[in-house]
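A.B. asks: Starting from the given sequences, assemble the full structure and let the hints guide the process.
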Amino acid sequence: MANCAEHSVIQLAANEQIFIPKPYIIMNKFIIGFFVIISAVIGLIVVNTVNTGQYFQTVDELLSNPNMQGRNVRLSGAVLGDTVTYNTDTLELRFEVVHIPGDQKDIDAQGGLATVLYKATTNPNAQRLKVVYVGEKPDLLRNEAQAIMDGRIGTDGVFYADTLLLKCPTRYEDQVPQQSGQ
Amino acid sequence: MLLANLGAIATFLAWLSCIYASVMSVLAVRKSRADWLESARLAAFLSWPLLTLACLLLIVLITQGHFEVAYVSRVSSWNMPWYLKVTALWGGQQGSLLFWSWLMSTFIGVALLRDWKQERDLYPYVISVLSITLAFFLLLNNVLENPFVTYWQDAFGTVSTALFPPSGTTLLIPEDGNGLNPLLRHPGMIIHPPMLYLGFIGFIIPYAFAMAALIVGRTDDAWMRVTRRWSLFAWLFLSLGLVLGGRWAYDVLGWGGYWGWDPVENAALLPWLSGTAFLHSVVIQEKRGMFKHWNLALVIITYSLVVLGTFLTRSGTLSSVHAFAASSLGPVFLSYITLMAIVAMAMLFYRWNSLKPERPLESWLSKEGLFLLNNLLFMVLVVTILWGVLYPIFSELFTGQVITVGPPFYEATTGPIWLALVILMGVAPLSAWNVGSAKRLGKMLWLPAVVGLALGIGLSWLYQLRWESAAGLSAAFFTTLVTLSEYFRGAAARRRTKNEPWLKAIWNMAIRNRRRYGGYFIHLGVVLMAVGIIGVELFQTTTQGSIPLHGSLQLAGYEMHYEKLNQFVAPDGRSVTRAVVSVWQNGRQVGELYPRQDFYPDTQQTSTIPGVRSTLQDDFYVLLVGWEPIAAQGATFKIYHNPLVNWLWIGGIIFVLGITFAAWREEA
Numbered sequence: 171m172a173n174c175a176e177h178s179v180i181q182l183a184a185n186e187q188i189f190i191p192k193p194y195i196i197m198n199k200f201i202i203g204f205f206v207i208i209s210a211v212i213g214l215i216v217v218n219t220v221n222t223g224q225y226f227q228t229v230d231e232l233l234s235n236p237n238m239q240g241r242n243v244r245l246s247g248a249v250l251g252d253t254v255t256y257n258t259d260t261l262e263l264r265f266e267v268v269h270i271p272g273d274q275k276d277i278d279a280q281g282g283l284a285t286v287l288y289k290a291t292t293n294p295n296a297q298r299l300k301v302v303y304v305g306e307k308p309d310l311l312r313n314e315a316q317a318i319m320d321g322r323i324g325t326d327g328v329f330y331a332d333t334l335l336l337k338c339p340t341r342y343e344d345q346v347p348q349q350s351g352q
Numbered sequence: 003m004l005l006a007n008l009g010a011i012a013t014f015l016a017w018l019s020c021i022y023a024s025v026m027s028v029l030a031v032r033k034s035r036a037d038w039l040e041s042a043r044l045a046a047f048l049s050w051p052l053l054t055l056a057c058l059l060l061i062v063l064i065t066q067g068h069f070e071v072a073y074v075s076r077v078s079s080w081n082m083p084w085y086l087k088v089t090a091l092w093g094g095q096q097g098s099l100l101f102w103s104w105l106m107s108t109f110i111g112v113a114l115l116r117d118w119k120q121e122r123d124l125y126p127y128v129i130s131v132l133s134i135t136l137a138f139f140l141l142l143n144n145v146l147e148n149p150f151v152t153y154w155q156d157a158f159g160t161v162s163t164a165l166f167p168p169s170g171t172t173l174l175i176p177e178d179g180n181g182l183n184p185l186l187r188h189p190g191m192i193i194h195p196p197m198l199y200l201g202f203i204g205f206i207i208p209y210a211f212a213m214a215a216l217i218v219g220r221t222d223d224a225w226m227r228v229t230r231r232w233s234l235f236a237w238l239f240l241s242l243g244l245v246l247g248g249r250w251a252y253d254v255l256g257w258g259g260y261w262g263w264d265p266v267e268n269a270a271l272l273p274w275l276s277g278t279a280f281l282h283s284v285v286i287q288e289k290r291g292m293f294k295h296w297n298l299a300l301v302i303i304t305y306s307l308v309v310l311g312t313f314l315t316r317s318g319t320l321s322s323v324h325a326f327a328a329s330s331l332g333p334v335f336l337s338y339i340t341l342m343a344i345v346a347m348a349m350l351f352y353r354w355n356s357l358k359p360e361r362p363l364e365s366w367l368s369k370e371g372l373f374l375l376n377n378l379l380f381m382v383l384v385v386t387i388l389w390g391v392l393y394p395i396f397s398e399l400f401t402g403q404v405i406t407v408g409p410p411f412y413e414a415t416t417g418p419i420w421l422a423l424v425i426l427m428g429v430a431p432l433s434a435w436n437v438g439s440a441k442r443l444g445k446m447l448w449l450p451a452v453v454g455l456a457l458g459i460g461l462s463w464l465y466q467l468r469w470e471s472a473a474g475l476s477a478a479f480f481t482t483l484v485t486l487s488e489y490f491r492g493a494a495a496r497r498r499t500k501n502e503p504w505l506k507a508i509w510n511m512a513i514r515n516r517r518r519y520g521g522y523f524i525h526l527g528v529v530l531m532a533v534g535i536i537g538v539e540l541f542q543t544t545t546q547g548s549i550p551l552h553g554s555l556q557l558a559g560y561e562m563h564y565e566k567l568n569q570f571v572a573p574d575g576r577s578v579t580r581a582v583v584s585v586w587q588n589g590r591q592v593g594e595l596y597p598r599q600d601f602y603p604d605t606q607q608t609s610t611i612p613g614v615r616s617t618l619q620d621d622f623y624v625l626l627v628g629w630e631p632i633a634a635q636g637a638t639f640k641i642y643h644n645p646l647v648n649w650l651w652i653g654g655i656i657f658v659l660g661i662t663f664a665a666w667r668e669e670a
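Sequence lines, in order, name chains H and F.
The numbers in this note's numbering rise by one with no breaks, and the one at position 167 of the first sequence is 337.
The numbers in this note's numbering rise by one with no breaks, and the one at position 179 of the second sequence is 181.
Do not take every clue at face value.
Stated by the list, open to error - Partial chain H-side listing against chain F, Cβ under 10 Å, derived:
no., residue
1, Lys-199
2, Ile-208
3, Ala-210
4, Asp-273
5, Gly-305
6, Asp-320
7, Gly-324
As the list claims (entries may be wrong) - Beyond 12 Å from chain H on every Cβ pair, some chain F residues (computed):
no., residue
8, Tyr-22
9, Met-347
10, Arg-468
11, Glu-488
No wet-lab data here; the hints were simulated from the structure.
Every residue gets a Cβ at the ideal spot worked out from N, C-alpha and C, and that includes glycine.
C.D. replies: And the structure:
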C-alpha cells in the first residue's frame, strides 16, 4: 500500500474500504510491463535468428558463391550411392552429392522429387560436392536419396555437415520418410 | 471393388448430410421451425454411422489385401501383422484424413447428445459450425484425397486411379502392396497418431461454442464452462500424444532425442500452448468476469493453429519426418484457414463492446496479473515458435533466399521463457485475488527460493555446473517446494478441523477442489519433465567406437562389454542383426542389452533399435552402428549417457494423471 496517495478511498462501512486506483496509472503499469517483456522477446528472436539462421542452398549456388564459405548453410542434394564410404572406427562418413533444384516448383516441373533425384545421379555433367559427416550412418543413406545437410563448406571445397537428413521418395510417395542424425 | 464403391458412397452421403445439417440448422432458427432443427440434428448425427461404415470398409479392404485400391496398395502388404494393417488406416494421407473426419463426427455426435438446457439458443449455431467444418474435411475426403479410388489400366498399359472405370480400362489388381513405411511399423503407431488427432479435433467443440456465442451475442459464462471441459479433454489427448511421440522418438527414431523442433512437432505444440493459456485464463473469467475478449480470441487462435498444423503437415509446404508428400491440398486448406480466421475475428470485433470486463486489472502481482503474465508468456512462445516455423517461407518471400532456423534457435529463444514459466508456477499459486503485495509474496517465497537455489546448484554440480542447468534446476526445486507446501497447508488445515489422517485429508481436500489441486499436480508433472529435459539436454555425454568381440567401451562410470552378435530373419521378412552387450558399473554387472538393426529387404531400408538400461538416475543408451562380416565379429557402437531423462516420462505420466483428475467431474 505504498501508493496510497494514488488511490481514492471509498468508505463503505466503518471497518471496510476498497481502493480504486486511478485508471491511467494502472494502465501505464501494464503497458510498461508488456513493453518490457515483448521487447525482450523480440530481441531474443532477432538475435537468435541472425545467429542461427541457415541459408538454404543448392550445390550450384554454394559452389558459385564464394561468400558462403564458412557460413552456416543448409544444403540439399542427391546422394551418389557409389561414393559412400564409412569408417566405422572414426564414424567418418564420406559421400558425394549432386545438384538438384531447391525450389519445389522446379522439382514439380521436372516430374517430381523421385525423377529429379534419378536424373541428377545419372547426369555426368551435374555439379558434385564432397561431403564429410561424423556420426552414425543413417539408415536411409543410399543412391538417389535426397540429403539435407546443415554445415559449412571449407576452403578445401568439402562440405562439413553437422546434421544429415535423408529423404527417399522412390517408393513411399505418400509418406516420404526422413531421418535425422546428430 | 464393391466394398470400395460402398465406402466411397458412404463418404459422399456423409458429406451431403453435413451440408444439409449446416444449412437447415440456420434456416430452422430464421423460420422458428423446431422440426427443421430436429432434422438438422439428425443429419449431423447421420455422418457418424456413415463415416464409421467408411472407415470399417477401408480397414476390411486393407486386412483382406484388396490391392486394387490405391490406398491399400500404398500402405499395406501381405506380410504385415494384423495390428499394423489396422493402423494403416492412418498410415497415409487419404486414410488418415478419413480417420480424422470420422473422429470429428464422433465428437460432434457426443456434443449433440449432451443435455442442452442452458445453451438452447446456441444449439442451432453449434450444429451449423460443426457441420460446416466437417463438410470441409469431407470435401477433401470426397474430391481431393479419396481413399477408395482404384487402379485402372488401359490397353497400352497406362495405369490411372479413379473411382469409376475410365473408358477402355480394366481393373488392375497388384499382387502385393508397398507395405507400411518401416519407420511406422512400431507399436507407437497404434496410439500416438490417434491421441494427437483426438487432441486436435477436440478443440473443434470449444471453437463451435465460441462462434455460436458470438453469433447469438451471449455474454454470460455458462457456455464457457462447457467449453472449458471440452478443452481440458482435448488438451489431455494432445498432451498424451506429444509425450507418446517423444517416447517413440526416444525409443526408435530419434537416436536418443525426444523432440527435434521438427516443423510438424512444432505444429502440434502450438495449439497445445495456446490451449494451455486458455485453460488458465478461463479461470479468471469464471471467478472474476475478466479477460472475456481474450478467452474468445484464445479459443479461436487455438483452433486456427490446429487447422494450420494440419495444413502444414498435409500440404507438403514444409519438409519433416511427419509430413506427407506434396499434395493438392495446399490452396484449399489455405483458403479455409483464412476464411475461418477472418470470420471469427470479425465476429469477435462485432461483439467487442458486449464483452466488457466486470472489473479492472489492479496489479501485476495480483492473481489476475500473474495469470495475465502466464498468458503473455505462453503466447510469446506461440509467436516465437510460429516465427521459426514460418521463417523459411517469409525469408524467401522477402529476400528470395530460403533461410531456416533449427533447434539452436528454438532452444536459445524459448529457454528463458520456459524458465520464467516454471518460476511463475511457483509464485502464482500464492498470490491473492485483486491485490498484489511484493512484501507478502516475498515473505512466503524467500525460504523455498533459498532452499531451491541450494538444491538446484547442488544437483547441477553433481553432473556439470553450468548456469543454465543451475538456474533451471533451482526453478524446478523452488516450484516443487511451493507446490508441495500448498498441499501440505491445505491438508494440515483439514487435519486440524476434521481430525482426518494425512492421506485422507489430502484426498478429501483434492476432490473438493479438483481443478486447483489437479492443477498443482499437473504443475508437479511439468516440473519433473523440466528436470528430465535439463538432464538430457545439458548433461548428456556420448562416446563411440569399433571394438572386437569381448572388447569394451567406457562412458560416465559405466563399462560396456561386447558379448555376441547374432543374425537371423524374422517372420515378417526383415533380417535382424542383434548384438548382446553387458553393462558394468563399479566392477559389477548391472544389465544386458540387445541393440539391433532391422533390414527390410523389400524396401531396402534399415531401422536402428537401441538397447537401453533405464534407472531414475540415468539411461545408458547403446546403438549398434555397424559390424564387420560375421566371421570377424567386430562391431561399432555409439553410446549415450542421458542423466535424469526418466523424470521426463515420469513427469509426463503425472501430468496426464493430473489432467484426468482435474477433468474427472464437473464441480458444483
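A.B. asks: Each of the hints needs a verdict: does it hold here or not?
C.D. replies: Status of each hint after checking the structure:
{"no.": "1", "hint": "Lys-199", "in the structure": "holds, 7 Å"}
{"no.": "2", "hint": "Ile-208", "in the structure": "holds, 7 Å"}
{"no.": "3", "hint": "Ala-210", "in the structure": "holds, 8 Å"}
{"no.": "4", "hint": "Asp-273", "in the structure": "holds, 9 Å"}
{"no.": "5", "hint": "Gly-305", "in the structure": "holds, 8 Å"}
{"no.": "6", "hint": "Asp-320", "in the structure": "holds, 7 Å"}
{"no.": "7", "hint": "Gly-324", "in the structure": "violated, 20 Å"}
{"no.": "8", "hint": "Tyr-22", "in the structure": "holds, 32 Å"}
{"no.": "9", "hint": "Met-347", "in the structure": "holds, 20 Å"}
{"no.": "10", "hint": "Arg-468", "in the structure": "holds, 19 Å"}
{"no.": "11", "hint": "Glu-488", "in the structure": "holds, 26 Å"}
In this structure, only the earlier hint numbered 7 is contradicted, and the remaining ones agree with it.
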